[in-house]
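Colleague: Residue 123 in the numbering used here sits at position 11 of the sequence shown; the count goes up by one each step and never skips.
Where hints are given, some of them may not hold.
[Unchecked claim] Under the rule of at most 16 Å between Cα atoms (straight-line distance), these lysine to aspartate or glutamate pairs were calculated in the EDC-like manner:
1. 176 / 200
2. 155 / 200
3. 198 / 173
4. 176 / 158
It should be emphasised that the hints constitute simulated quantities derived from the structure, not laboratory data.
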Amino acid sequence: QAHLVESGGGLVQPGGSLRLSCTASGFAFSIFAMNWYRQAPGKERELVASISTGGMETYAEAVKGRFTIFRDNSERTLYLQMNNLKPEDSAGYYCNARQVVFDYWGQGTQVTVSA
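Using the sequences plus the hints, can you model the full thing?
Modeller: See the structure below:
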């Protein structure tokens, strides 16, 4: 059974940094495209960053230059390095694994950016 577990969220001041992790099990991690989504209260879930099986990265405009997505296939782990955090980055962050008809989600980790 596929399982994704996020960690690394928390409370941080504006301008601070956090690194989120997502550990995968139960499926062939290396052949899945991996994504980070976020959802703030009252808003729709939005795609933050993606990384392909070949390592190609894409980012939402709002986080370009501040966030970096990367993966370690040997550790079956996805990361999101978040720098220069802003209050508008506050949200639940969700890890997603996608490949053809397969679509797996983690339970999320909360990020709060506040002074």
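Colleague: Each hint needs a verdict: does it hold in this structure or not?
Modeller: Hints, one by one, checked against the model:
Of the supplied pair hints, the one linking residue 176 and residue 200 holds, its CA atoms being roughly 14 Å apart against a limit of 16 Å. Distance check on the hinted pair: residue 155 and residue 200 sit about 12 Å apart at the alpha-carbon level, within 16 Å; holds. Distance restraint check for residue 198 and residue 173: the Cα-Cα separation of roughly 14 Å lies within the 16 Å cut-off, and the hinted pair is therefore satisfied. Annotation: proposed proximity of residue 176 to residue 158 holds, straight-line Cα distance about 14 Å (limit 16 Å).
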